[in-house]
Amino acid sequence: MPNPEDQKKKRRTVLEGFNNVPKLLEEARQAVDEVSMGVQDQGAEATAAATRGRKTGPKRQTALPRKTSAGLEGRQKKPSSSPVSQAKAKAPAIPPDTDTPARPLLGLGECGIRVKHAIPGRIRLRLHKMLHNDTLAEELPALLAAVPGVTAVEASTATGSLLITFNPGDMAAVKARQKLDGVMHRFFPRLDTESLVRRMLGE
Amino acid sequence: MGVVIAIVNNKGGVGKTTAACNLAHAMGLRDRRVLVVDLDPQCNATSLLLSKHPDRQHNLYELLADETRGTPISRFIYPSSYAGVFCLPNIPETASLEPELIFSSPNSLLRVRHHLRDYVLRHFDFVIIDTPPNLGTFVLCGLNTADFALVPVKAGSAFSVAGLLKAVRLINEVRIQDNKNLKFLRVLINCVDKRTLISRAFTEQLFRTFRENQVFRTSIPGNTAFEQAEAAGVTIFRYNPRAPGARAFRELAQELLDIFAGETLPAERPHHAQS
Chain A
432 MPNPEDQKKK RRTVLEGFNN VPKLLEEARQ AVDEVSMGVQ DQGAEATAAA
482 TRGRKTGPKR QTALPRKTSA GLEGRQKKPS SSPVSQAKAK APAIPPDTDT
532 PARPLLGLGE CGIRVKHAIP GRIRLRLHKM LHNDTLAEEL PALLAAVPGV
582 TAVEASTATG SLLITFNPGD MAAVKARQKL DGVMHRFFPR LDTESLVRRM
632 LGE
Chain B
105 MGVVIAIVNN KGGVGKTTAA CNLAHAMGLR DRRVLVVDLD PQCNATSLLL
155 SKHPDRQHNL YELLADETRG TPISRFIYPS SYAGVFCLPN IPETASLEPE
205 LIFSSPNSLL RVRHHLRDYV LRHFDFVIID TPPNLGTFVL CGLNTADFAL
255 VPVKAGSAFS VAGLLKAVRL INEVRIQDNK NLKFLRVLIN CVDKRTLISR
305 AFTEQLFRTF RENQVFRTSI PGNTAFEQAE AAGVTIFRYN PRAPGARAFR
355 ELAQELLDIF AGETLPAERP HHAQS
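Chains A and B, in that order, are what the protein sequence lines are.
Converting from the first sequence to the working numbering requires adding 431 to each position, the first position being numbered 1.
Converting from the second sequence to the working numbering requires adding 104 to each position, the first position being numbered 1.
To be clear, the hints were calculated from the coordinates, so they are not data collected in a lab.
Even for Gly, the Cβ is constructed at its ideal location relative to N, Cα and C.
Treat each hint with caution, since some may be false.
[Stated by the list, open to error] A few chain A residues facing chain B, derived, Cβ under 8 Å:
#1 456
#2 458
#3 459
#4 460
#5 466
#6 559
#7 562
#8 563
#9 564
#10 565
#11 569
#12 572
#13 575
#14 613
#15 614
[Said to hold, decoys possible] Here are the simulated lysine-lysine pairs, DSSO-like style, with alpha carbons at most 30 Å apart:
#16 454(A) to 156(B)
#17 610(A) to 298(B)
#18 441(A) to 298(B)
#19 560(A) to 156(B)
#20 439(A) to 454(A)
#21 560(A) to 606(A)
#22 454(A) to 441(A)
#23 298(B) to 440(A)
#24 560(A) to 270(B)
#25 454(A) to 440(A)
#26 454(A) to 547(A)
#27 156(B) to 547(A)
#28 284(B) to 454(A)
#29 270(B) to 606(A)
#30 440(A) to 610(A)
#31 560(A) to 547(A)
#32 454(A) to 298(B)
#33 547(A) to 606(A)
#34 560(A) to 610(A)
#35 287(B) to 439(A)
#36 270(B) to 298(B)
#37 298(B) to 284(B)
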């Protein structure tokens, strides 16, 4: 039987030796960006910007009506109209940060998320970012499981699949939405979480 | 109209020829007409695809030397033993043409394009150009002819990433100078061995670094069936269609078709030899 300590040591050595590869890859990606300049459509550029943003964590758009407590409270008080539209209407306009240009939120597809199947109480997503990404596959389900209303989360790095089982009634609550937004924001800084919630609730 | 894809990487052994032949066969199995242009004087793609057609009168040498003497381009293309897959063969003597191509550049680097492009775009859905493991004249000929460049990298190999970097820089130069329509298709991760830490870390890092539209979702596993198929002189689909490598190439073909969905609209199809 191999000694676990030796195995750990070996693992450390391998990963230390691997250190220059990320630099090379980053350089290669920048070169690819140069090639892509002017040959890809704007949609692709937007997707690219979103994907790139996941590392550097660009400042989230400040003028987000749905993020303000006023908007969310307002939505609760008047359930007759659409929660999203009402939240947007109620929210005070916050002037965008002058240092960072305003960047609009992106839809699911633009963030590399595809909805494979959705019924009330269960949604299966495909996350490109989670392919072969063990870290994300461990962290995201753990955080999602803590969202009120979420009953189970399963992730697969082989397919990038994320299966979320939830209680639709609980998920509609403001607290759950806020918590979900907080979790998704960590990994998808420009994702419009409301679009995900709408798909989850079949709205 | 079809699309022309050049498979390029400065590093050898990353799976350019394997990808070219197996991807072509996978496309052929999906009822697409695919032409493999063997620009590598090692002629491995030629011997894999045309092993049963040793009597080839015409080859790439004549095109590169500009010695076609009015022979129609269709005479240079031979059907392989796989349905829907054709090959424009090469011979080892082509290597000796390199000095001449350099001296008479830049026009000589566009010869393949001038001879081939119009014809192959009308008659094939996909044209895959297999290039040698360098960034020399043959690779330039290939990039000048292509619409897209695909760069395979070997999971775990830092040298292949260095090759990727050099290849991408060359692609950019070609795009600026001679072939403004050349685009970077995607990186293909090859030889993935999920059992090894270095391979897993490499794959994860690559997916993390590149954008979604810069790397193929499908990666090709390291599979002994590739070597066995190579030894048998056939593609992996003929050797063992159930091998993990064959499955991966099927998925890759589907992914490629998805990428080009709506773009590959084959024009009229005059009967071309046998299929």
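Each hint tested on the structure:
This hint holds: residue 456(A) has a C-beta 4 Å from the nearest C-beta of chain B, less than the 8 Å allowed. For residue 458(A), the shortest C-beta to C-beta distance to chain B is roughly 6 Å, which falls under 8 Å, so the interface hint holds. With 8 Å as the threshold, the beta carbon of residue 459(A) comes within range of chain B, its nearest partner Cβ sitting at about 4 Å, so the hint holds. Given the 8 Å rule on beta carbons, the hint for residue 460(A) holds: about 5 Å separates it from the nearest Cβ of chain B.
Because the closest C-beta pair between residue 466(A) and chain B is about 4 Å apart, less than 8 Å, the hint holds. A hinted interface residue such as residue 559(A) counts as satisfied when its beta carbon comes closer than 8 Å to some beta carbon of chain B; here the least separation is about 5 Å, so the hint holds. Checking residue 562(A) against chain B by beta carbon gives a least distance of about 5 Å; that is within 8 Å, so the hint holds. With a cut of 8 Å, the hint placing residue 563(A) at the interface with chain B holds, because the nearest CB-to-CB distance is about 5 Å.
For residue 564(A), the interface hint holds, the least distance from its beta-carbon to any beta-carbon of chain B being 6 Å, beneath 8 Å. A distance limit of 8 Å between C-beta atoms decides the matter here; for residue 565(A) the minimum to chain B is near 7 Å, and the interface restraint holds. A distance limit of 8 Å between C-beta atoms decides the matter here; for residue 569(A) the minimum to chain B is near 12 Å, and the interface restraint is violated. With 8 Å as the threshold, the beta carbon of residue 572(A) stays out of range of chain B, its nearest partner Cβ sitting at about 17 Å, so the hint is violated.
Given the 8 Å rule on beta carbons, the hint for residue 575(A) is violated: about 20 Å separates it from the nearest Cβ of chain B. About 22 Å separates the beta-carbon of residue 613(A) from the nearest beta-carbon of chain B, more than 8 Å, and the hint is not met. With a least beta-carbon distance of about 19 Å to chain B, the hint placing residue 614(A) at the interface is violated under the 8 Å criterion. For a cut-off of 30 Å, the pair hint linking residue 454(A) to residue 156(B) is broken: about 46 Å separates their Cα positions.
Restraint check: the Cα-Cα separation between residue 610(A) and residue 298(B) comes to about 35 Å, which exceeds 30 Å; the hinted pair is violated. The suggested pairing of residue 441(A) with residue 298(B) holds, with an alpha-carbon distance near 17 Å, which does not exceed 30 Å. For the hint linking residue 560(A) to residue 156(B), the alpha-carbon distance of about 44 Å lies beyond 30 Å, and the restraint is violated. Straight-line distance between C-alpha atoms of residue 439(A) and residue 454(A) comes to about 24 Å, which keeps the hinted pair within the 30 Å bound.
As the CA atoms of residue 560(A) and residue 606(A) are separated by approximately 26 Å, the hinted pair is consistent with the 30 Å bound. Restraint check: the Cα-Cα separation between residue 454(A) and residue 441(A) comes to about 22 Å, which is no more than 30 Å; the hinted pair holds. For the hint pairing residue 298(B) with residue 440(A), the CA-to-CA distance comes to about 20 Å; that is within 30 Å, so the pair holds. Between the alpha carbons of residue 560(A) and residue 270(B) the distance comes to roughly 26 Å, so the proposed pair stays at or under 30 Å and holds.
For the suggested pair residue 454(A) and residue 440(A), the alpha carbons sit about 23 Å apart, so the restraint of at most 30 Å is met. A C-alpha spacing of about 34 Å is found between residue 454(A) and residue 547(A), which places the hinted pair above 30 Å, so the restraint is violated. The suggested pairing of residue 156(B) with residue 547(A) is violated, with an alpha-carbon distance near 45 Å, which exceeds 30 Å. Straight-line distance between C-alpha atoms of residue 284(B) and residue 454(A) comes to about 29 Å, which keeps the hinted pair within the 30 Å bound.
For the suggested pair residue 270(B) and residue 606(A), the alpha carbons sit about 50 Å apart, so the restraint of at most 30 Å is broken. Using a Cα cut-off of 30 Å, the hinted pair residue 440(A) and residue 610(A) is violated, with the two alpha carbons roughly 39 Å apart. For the suggested pair residue 560(A) and residue 547(A), the alpha carbons sit about 15 Å apart, so the restraint of at most 30 Å is met. Our distance criterion of 30 Å between C-alpha atoms is met by residue 454(A) and residue 298(B), whose separation comes to about 22 Å.
In summary, the hint linking residue 547(A) to residue 606(A) is supported, as the alpha carbons are separated by about 26 Å, within the 30 Å threshold. With a CA separation close to 21 Å, the supplied pair residue 560(A) and residue 610(A) stays within the 30 Å bound. Pair hint residue 287(B) plus residue 439(A) does not hold up; C-alpha atoms about 43 Å apart against a cutoff of 30 Å. As the CA atoms of residue 270(B) and residue 298(B) are separated by approximately 27 Å, the hinted pair is consistent with the 30 Å bound.
Note on residue 298(B) and residue 284(B): the hinted pairing is violated, with a Cα-Cα distance of about 39 Å set against a maximum of 30 Å.
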